[in-house]
Amino acid sequence: MTSPAPQDFDALVVGAGIGGLQTALDLAEQGYKVAVVDRDPSIGGKMIRLSKVFPTLDCSSCITTPKMAAAAHHRNITIHTYCEPKSVAKVNGRFEATITQKPRYVIAEKCTGCRLCEYACPTYVPDEEQGGFGARKVIRVPFSNAIPQLAVLDAENCWICGKPAGKCMEACPTDAIDYFQKPQDFTIRARAVVLSTGYELIPDYSAKAFGPMSGHPNLITSLQMERLLAPHGPYMRVLRPGDGKEPSSIAFIQCAGSRDHTLGVPYCSRVCCMYSIKQAMLLSGALPLADITIYYIDIRAFGKNYEQFYQNAQAMGIEFVKAKPSVVSATPEGSLVMKYENQETGESVTREHDMVVQALALVPAWNPAGVIDAGVADDGFLKATSPKLQPTLTTQEGVFMAGVSAGPKDIVDAIVEAGAAAMEVSNYLTAQHAAAAE
Amino acid sequence: MTAADAPKILILATEDCAYPGANSVGQAHLTYPENTFLLRVREPAMFPEKFYLDCFDKGIAGIIVMSCGVECPYEGAYNALAARINRVYQTMKARGLDIRRLRLTAICTVCNRAFLKEVQQMVDLMNELGAPGSEVKATSPAA
Amino acid sequence: MTDNTPKLPKDERVAVYICHCGGNISDAVKVEELEELARRIPGVSVVRRNTFMCSDPGQQLIIDDLKAGNADRVVVCACAPHLHETTFRGAVARGGLNPYMYEHANIREQVSWVHHGPGATAKAAKLVQAAVAKAGNLRALEPIRMEARRHATVVGGGIAGMKAALDLARRGIDVTLVEKSPFLGGNLARLDRLFPTEDKAADLLASLYAQVTASRRITVLTCAEVVAHSGYVGHFDLTVRRAAPTTTEDLELIARFEKAGSPLGTFVPFVGFAPVLPATAEETIAVATGAVVLAVGFRHYVPRQGEYGYGDNPEVVTLTQLIEALAGEQPGGQLMVNGRAIRTMALIRCVGSRHIPGVDEEDENGNLNQHCSRVCCTASLQAEREIKQRFPETVIYDFYRDIRAYGRGHEEYYCGASRDGVLFIRFEPTGRPVVARSPAGSDNPLTVTVADKLLADRELEVPVDLVVLANGMVPGDTAKLVELTKIPTGADRFLLEVHPKLRPVEVKEAGILLAGTCQAPMDTTEACAAAAAAAVKAAAVLSRGYVELDPFVARIDPELCKGTGACIEECPQEGCMSLVDGKATVNPALCTGCGMCVAVCPEGAIEVNGWTLRQYEAMVDAIVAAPVEA
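Protein chains in written order, with the working numbering: chain A, 1 to 438; chain B, 1001 to 1143; chain C, 2001 to 2630.
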């Protein structure tokens, strides 16, 4: 197999979530050539998977898709999905990035996204794009508004259902299926790099905090709740995953892993208060009779119009209780039993809820160690060298950061910071250009 | 009734919200009746009152304006649209047309259920009302 | 833009291409039948089918037909347009035809995937008929290119304004920086050290100031205000007036500056930098610019007379005043504020912020500050920590609603303050603490009283030497600017961006941008990020020397226009439409293509390029027409 020829760009953006896409667009609009790589088979990051956004309650898909399309169709932007950066090193003042294209088991140039393979595939597995609720095929276009619309096969679950080839291969009209595809490296050369690698939810908090209850189907994560609330979610309505019933009492546990030195991370994740309030509001719209309770330490509604949003939620009858509850057991009917001390009254309380949402802490999705020389701070997020005046500078000259990779933040703050990163990159490139001209 | 002679329903769907919303219904392989004709529009506020009335004159039985609602990207356009639709209602009443033949609604890019509900309601209503103008002689509750 | 496209030829020839999409379309739609039906539509000159129209062989069909002169407009019947409309426009262009002579019929998402019965083919045929009808009414369009001046104006010389000016200058764009007061540095010059880095505000400002004044691209105008504004993105004409300072605030700053006796260009604590002496005479300067960045900042909330005892008791101060006291001389091991030794103090949060309608009192203009000021929580914690570290014996009671130490490194201040022994007492907005003079004979001059739920709502009384009010941020005086630029303000009275989520630094008018705290409370990091984000948007418009816009704008037919002005009244874009010699004209730089003017023109003289009313009428005619018979 021969490696494709290196591609030359002004900037390489790692991560195609809303932050990475905004940086890419702000650079491309100035005429810079930008490459964007993402580990997922689609661009759009976390935002395309959300239901609605606070405090405007805009449909998230509706406001993300135009940005995704703008980037995908921009003449100065080249997007590579399902890729991982393997190494990014500065050679003679320019970055050489070795990028590994993960095997889709589908030849991207041939695939038209027609989904015939998906229809033919006989095997269903839980759909991670729907929070693990609902099912997807082993080979599929990841979700309806994914960009690009290319099929991807999940080799772990594929058992090559037919002989000599699977049903997908038989169904594919363009011979795009290739069971023997291997990871392939290619080279991107760029004069600057932007890291916008986003976050994941803290993986182990639930087990540490709630022990045996952590696997309970009605104890879900905040991102799972996003899917339940999305109009195109797994059930197209809000149902309890454990038994498919409409929950009549839903609780949110705030600071699940955040501000927790012993079981989680010490920092505030910054977005959980607001998205829980938003989810609570959406729930009270979807299930008008349900009781909704938010257990919190401090409500951090600090952004523009956020406090008013919080006040509205209180006026809507959403209950706010200052407490850090523990989930201790489940009832035979599938409800969860919580114990807590009300921090305002000092009372000890035991209370049941049909369903419990953990507002889990945000942790960095990616660590640059071994791939690119960019320092990481004690909190695990990328280290800023000029946090006040130039907050997007990392420890290596020519490497910049945007979005949650530079610390937890909401969409609007990520977009602002992405613009700031694009400005710093532009000025870095302008200075390089001027130096080269001298 | 075959698709060819079923009452025709025109759907004006905004390119930012409702048109992708209709595509999302397709992506999910959901179904709705065939006598529905979707036109992609930038902003329905561009249509004068006459456009709607002409449609009815031409034989369109029902019109659903699927806008972006308050998420409309054009300032002031949604209010102008809503005001215009209200004026069309006045003329429809004067002409004896059932005003339920024209409906203004908001559909988001992933509002599959809302889209199907709107379409089905209009289809049911059209089956009840028949061709435009047929209610002029009949007694109609909204006329 | 002039449109020289000739009137439509009567003998337009439309090429129709039908995609099978593997089987996605052809499984539900009988594509052979559709092909036959399409052939019978008047105006159709060629019909072809392909398994995948988006593939290279599929696109080649289009290119070959156009090069052979088989058609002068193209319809592709395939998937949803957002997937491949640009693909096919590209193929049309490669075939030598204007890319806008193209129409798309969505027969996958809106036919084959939703209609599974025998009617699917007839429905597809109707959509093809409608698309052909529209195609017959297409005209060639060109993108609109407007020249743009490589010059930006930044209004406001605080941290955000200086940062935006510097970023633009580094990008090669000339900048005029307009500052109302005689000093650069803004509100940041009135702070000491910044959380969470503990940088000296003075050092950060000095570094920016040195770069701003060294840049040959930046012209600084102090004592200056924008008094007139006209034009549009790429071409704004501003009038700036320089005059001797008259406001009390400016005169106080000048007095402090003179007292300090520092030379021009050096930092004067709690004042800022004076690049030149304050203006003494009035002058008017015309600034020809391409973009305007507004960085006019905020004001600190000043408590009302009597609010928590403020103004009535010298022992009640704002956080801003405490910060200045801490920055000054503090001899001995005792915290001194206004000449008094402080052993016990109370800090009350959310003063002037998080007001609740019906609970809190409106100000003299009927305003409430419902917003959270975002920075006071951590700034208060920082001050408390500093006091605890420098004067460990000081007892601090902290009356709070929520502690919003949200940012990176902020939580450490909260943990630290708790560790240092700051006593946190929560209050409800309906049960705010009350500050009163202590009874005669007390050790402490003031007593703070609050209901404490932990004590079963019994009153907690705390005698203290000092009460610090954590005052929030309120909008600066933007009234004149708002009047000038027509930028809306929100319910919080801060300047309002066009979309609070996706377009946070833009306003409705292209080429005008928001940077920093004129938009909402922010800390220095956030203000600098916002400034850079605003600068990059300006750079995108200006760095190439031209702006390229979509051709989908309103177009007037001068032969039909009777100059009624109805369109001008309806148009939501200030200055977009005007009457010239009795005819309406459109400034394409300002037109968003919303089409609101189309609806109100009594003569039908306006169309939006690419989305004309005539096209829609033709499509409706096609839909109601008898089906094409095979």
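Any given hint might turn out to be false.
Below, a sample of chain B positions facing chain A; criterion: calculated Cβ distance under 10 Å [said to hold, decoys possible]: (1) Asp-1016; (2) Pro-1020; (3) Gly-1021; (4) Gln-1027.
Derived by calculation from the structure, the hints in this document are not laboratory data.
C-beta atoms are modelled at their ideal positions from N, C-alpha and C, and glycine is treated no differently.
Next on the checklist: Under the constraints set out in the numbered hints, which ones does this structure not fulfil?
Outcome noted: none
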